[in-house]
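Residue numbers (our numbering), protein chains in the order written: chain A, 6 to 373; chain B, 6 to 373.
Don't take each hint at face value.
Remember, identical chains collapse to one label, so a pair may be satisfied in a single copy or spanning two.
In silico PhoX-like pairs for lysine-lysine, Cα to Cα no more than 20 Å straight-line [what the hints assert, rightly or not]:
1. Lys132 to Lys246
2. Lys54 to Lys22
3. Lys266 to Lys292
4. Lys253 to Lys132
5. Lys132 to Lys277
6. Lys246 to Lys168
7. Lys365 to Lys10
8. Lys137 to Lys231
9. Lys22 to Lys137
10. Lys346 to Lys15
11. Lys168 to Lys231
12. Lys132 to Lys250
13. Lys162 to Lys346
14. Lys54 to Lys162
15. Lys137 to Lys250
16. Lys192 to Lys250
17. Lys365 to Lys231
18. Lys346 to Lys365
19. Lys162 to Lys231
20. Lys277 to Lys246
It is worth saying that the hints were derived from the structure and are not from the lab.
Only a predicted model underlies this, so the values are computations on that prediction, with no experimental measurement involved.
Protein chains: 2
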Amino acid sequence: MIAAKGYGTKHSFTDLKPYAFEREEAGPHEVEIEVLFCGVCHSDIHQVKNEWSNTVYPCVPGHEVVGRVTRVGAHVGKHAVGDIVGVGCMIESCRHCAPCQTGEENYCEGPNSWLATYNGPMVPAEKAPDGKNSYGRDNTFGGYSDVLVVNEDFVLKIPAGLKPEVAAPILCAGVTTYSPLKHWGVKPGDEVGIVGFGGLGHMAAKLAKAMGATVTVFTKTADKLKEAARLGVNGVLEDDKEALKPLKSSFDFILSTIPEKHDINPFIELLKRDATMCVVGALEPLKPVNNQEVAFHRKHVAGSLIGSLSDTQEVLDFCAQHGIGPDIEIIPIQDINKAFKKVEDSEARFRYVIEMASLKDETDFHQF
Amino acid sequence: MIAAKGYGTKHSFTDLKPYAFEREEAGPHEVEIEVLFCGVCHSDIHQVKNEWSNTVYPCVPGHEVVGRVTRVGAHVGKHAVGDIVGVGCMIESCRHCAPCQTGEENYCEGPNSWLATYNGPMVPAEKAPDGKNSYGRDNTFGGYSDVLVVNEDFVLKIPAGLKPEVAAPILCAGVTTYSPLKHWGVKPGDEVGIVGFGGLGHMAAKLAKAMGATVTVFTKTADKLKEAARLGVNGVLEDDKEALKPLKSSFDFILSTIPEKHDINPFIELLKRDATMCVVGALEPLKPVNNQEVAFHRKHVAGSLIGSLSDTQEVLDFCAQHGIGPDIEIIPIQDINKAFKKVEDSEARFRYVIEMASLKDETDFHQF
Chain A
6 MIAAKGYGTK
16 HSFTDLKPYA
26 FEREEAGPHE
36 VEIEVLFCGV
46 CHSDIHQVKN
56 EWSNTVYPCV
66 PGHEVVGRVT
76 RVGAHVGKHA
86 VGDIVGVGCM
96 IESCRHCAPC
106 QTGEENYCEG
116 PNSWLATYNG
126 PMVPAEKAPD
136 GKNSYGRDNT
146 FGGYSDVLVV
156 NEDFVLKIPA
166 GLKPEVAAPI
176 LCAGVTTYSP
186 LKHWGVKPGD
196 EVGIVGFGGL
206 GHMAAKLAKA
216 MGATVTVFTK
226 TADKLKEAAR
236 LGVNGVLEDD
246 KEALKPLKSS
256 FDFILSTIPE
266 KHDINPFIEL
276 LKRDATMCVV
286 GALEPLKPVN
296 NQEVAFHRKH
306 VAGSLIGSLS
316 DTQEVLDFCA
326 QHGIGPDIEI
336 IPIQDINKAF
346 KKVEDSEARF
356 RYVIEMASLK
366 DETDFHQF
Chain B
6 MIAAKGYGTK
16 HSFTDLKPYA
26 FEREEAGPHE
36 VEIEVLFCGV
46 CHSDIHQVKN
56 EWSNTVYPCV
66 PGHEVVGRVT
76 RVGAHVGKHA
86 VGDIVGVGCM
96 IESCRHCAPC
106 QTGEENYCEG
116 PNSWLATYNG
126 PMVPAEKAPD
136 GKNSYGRDNT
146 FGGYSDVLVV
156 NEDFVLKIPA
166 GLKPEVAAPI
176 LCAGVTTYSP
186 LKHWGVKPGD
196 EVGIVGFGGL
206 GHMAAKLAKA
216 MGATVTVFTK
226 TADKLKEAAR
236 LGVNGVLEDD
246 KEALKPLKSS
256 FDFILSTIPE
266 KHDINPFIEL
276 LKRDATMCVV
286 GALEPLKPVN
296 NQEVAFHRKH
306 VAGSLIGSLS
316 DTQEVLDFCA
326 QHGIGPDIEI
336 IPIQDINKAF
346 KKVEDSEARF
356 RYVIEMASLK
366 DETDFHQF
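Make a model of the complete structure from these sequences and hints.
Have a look at this one:
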């Protein structure tokens, strides 16, 4: 076992606090990573607070992890000590189901689906068809910590052109928006709408723009219209009915990144015939959709979950190539609870990234 | 003007009654049709009762019309006197928009969209961008009458192999289900689910089976399980959770034909990854969809509206070729109000078709 330190919680109702715990040493196919930076994702908050009713405690969140390889197992061939690497939302999958065989591990249909970087398998033993946990671990601890041990196949390469702290949010916010933009074929000249302009939304806007699309972001926050202008995309207040009117039936693709239940009907009206609106932010029941508008123009409402390993490597390389990345604010881990509050209040511009070196200032660690 | 007789109503709250009225004579590009049979569609009931809040009164419903050509305008080239022909939901479209130019008139994006066989333009003047009605008619009278006058381009040919009374429901129930089955690429070996087993549902089941799919119908009505067996398709009670469990993630395409607000979540769970559930029955807000299931397997919820003229001709020919058609019960028009009640109570097996010769027994006609 190796000693690990991080920020976590044992309950849904308490702040994150420093904890000391242990991790398994790297096996023959695993790499040990010194965590340098970890992005703060809205889903970390959902998970810590058990807002999806599936949190396994203790919870050490963090799935936008960039670090330096410090040790490799005997059979590791893809990464070497000293490499700057990334770990996203997954650290293992069943590897046998059809999606795994075709490189779509994020849709793993194994009995426990994929193993999340924190919170354990996506389908825990209690919900698995055979009542078992094929990963042998009910919980996993994420990147709000100083060290991570991950199978080499689930470790991404951070391109030289990307700063490690900028690369971190690409591992979730980046790929979660890149994957559907790619899957639904966004191409130069397309009109693309992005609903919600936070961590995911601002990455979606930058990626769609780099793909050659004309991008319009829809936001509830007036001062974000300036941010849209700064990124060179259109900005519209989503409650401004007069502004929405001329946009009716004009979008080739719309991506909703709002991380909670919302009304997508006003945006469905903005789609062209046969076009798709994809919802990636809210993993819960949405407000009722009026099928009249959907049927009258043969529209689609779809969803998408993060992205595959190959999508993740692609978006890292795409960002390096196009010179884009998230707008980040680096924080010490001691500020994490304040940062959570600001994310919830839509005050982040746009992604907090924890500098994990700050953990070294901590002297008093709790035990799980 | 020519004298016409039919069944209609001036209010949402009264039964259909016999009316005498006038129609324009056939213009140079129009054909006059003696109506032989007209199917009874659930949407006739919605429209008569103003359940979509858009009914133009007086209302003479009927858009599954089969008849004999009795007169043709000077420039008509497609049809001749004596031909057995059909008229579905549309009798005109703008002919200039992109969907009209590519043969998808049912998605006409002209200022008034398409002109419905009854109830006038889909977008009335009051709702049109320019406040006008390009068709020059605020209302149209449908096939619950003895004569119809329609532009030749919107008149379909009834293949010799199809009885006129059997062909009638194909003009709406048939094409409304055929069009999405074709659009989403149903092919031999596919697992296809049909939700709702009434007029549309039983046509969908027959069509999907003839396309080579393995078909499962979901119904709330226990005695319809025997009907499913009779048609050679699987039948499942949609409230039977134990029966649904093994069907999870097993369908390539699911079509919902239920003509009112319902919960589609149990059926979304039955879709394979990347598959589509299309809702054609309910033209209103559905119950909230849980995006977690949609996103976790990148599923789609879509809608579809009837079908194009070419889809309509195709499904008529397809039915003739495969020897299939709706299960019908022929009624005299005097039974129409009873038939409406039975359709609402899910007691029809499966489609009522009015024999319009029965109108000749009527002696006392009201005036609009």
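Outcome of the hint check:
1. For a Cα distance limit of 20 Å, the shortest separation of Lys132 from Lys246 across copies, 16 Å, qualifies, whereas the shortest one inside one copy, 44 Å, does not.
2. In this assembly of identical chains, the alpha carbons of Lys54 and Lys22 lie at most 20 Å apart only when taken from the same copy (14 Å versus 62 Å across copies).
3. In this assembly of identical chains, Lys266 and Lys292 lie within 20 Å of each other by CA distance both inside one copy and across copies; the values are 7 Å within and 14 Å between.
4. For the identical chains of this complex, Lys253 and Lys132 are inter-copy neighbours only, at 14 Å across copies versus 43 Å inside a copy, given an alpha-carbon limit of 20 Å.
5. For the identical chains of this complex, Lys132 and Lys277 are inter-copy neighbours only, at 19 Å across copies versus 40 Å inside a copy, given an alpha-carbon limit of 20 Å.
6. In this assembly of identical chains, Lys246 and Lys168 lie within 20 Å of each other by CA distance neither inside one copy nor across copies; the values are 40 Å within and 51 Å between.
7. In this assembly of identical chains, the alpha carbons of Lys365 and Lys10 lie at most 20 Å apart only when taken from the same copy (9 Å versus 90 Å across copies).
8. Proximity of Lys137 to Lys231 under the C-alpha cut-off of 20 Å is found in neither arrangement, the shortest distances being 51 Å within a copy and 39 Å between copies.
9. Neither within a single protomer nor between protomers do Lys22 and Lys137 lie at most 20 Å apart by alpha-carbon distance, with minima of 31 Å and 66 Å respectively.
10. When the C-alpha separation of Lys346 and Lys15 is checked against a cutoff of 20 Å, the pair qualifies only within one copy, where the shortest distance is 19 Å, while the shortest distance between copies is 59 Å.
11. For the identical chains of this complex, Lys168 and Lys231 are neighbours neither inside a copy (26 Å) nor across copies (66 Å), given an alpha-carbon limit of 20 Å.
12. For the identical chains of this complex, Lys132 and Lys250 are inter-copy neighbours only, at 13 Å across copies versus 45 Å inside a copy, given an alpha-carbon limit of 20 Å.
13. Within a single copy, Lys162 and Lys346 get their C-alpha atoms no closer than 32 Å, and across copies no closer than 66 Å, so neither meets the 20 Å cut-off.
14. In this assembly of identical chains, Lys54 and Lys162 lie within 20 Å of each other by CA distance neither inside one copy nor across copies; the values are 31 Å within and 63 Å between.
15. In this homomeric assembly, Lys137 and Lys250 come within 20 Å of each other (Cα to Cα) only across copies, at 18 Å, whereas the closest approach inside a single copy is 52 Å.
16. Taking the shortest alpha-carbon separations for Lys192 and Lys250, neither the intra-copy value of 25 Å nor the inter-copy value of 40 Å comes in at or below 20 Å.
17. Taking CA atoms no more than 20 Å apart as the test, Lys365 paired with Lys231 passes in neither setting, with 38 Å inside one copy and 71 Å between copies.
18. In this homomeric assembly, Lys346 and Lys365 never come within 20 Å of each other (Cα to Cα): the closest approach is 24 Å inside a single copy and 76 Å across copies.
19. For the homomeric pair Lys162 and Lys231, neither the shortest alpha-carbon distance inside one copy (34 Å) nor that between copies (59 Å) is at most 20 Å.
20. Taking the closest pair of Cα atoms, Lys277 and Lys246 come within 20 Å of each other only inside a single copy of the chain (18 Å); across copies the shortest separation is 37 Å, beyond that limit.
In summary, the structure is inconsistent with hints 6, 8, 9, 11, 13, 14, 16, 17, 18, 19 from the numbered list given earlier, while agreeing with the others.
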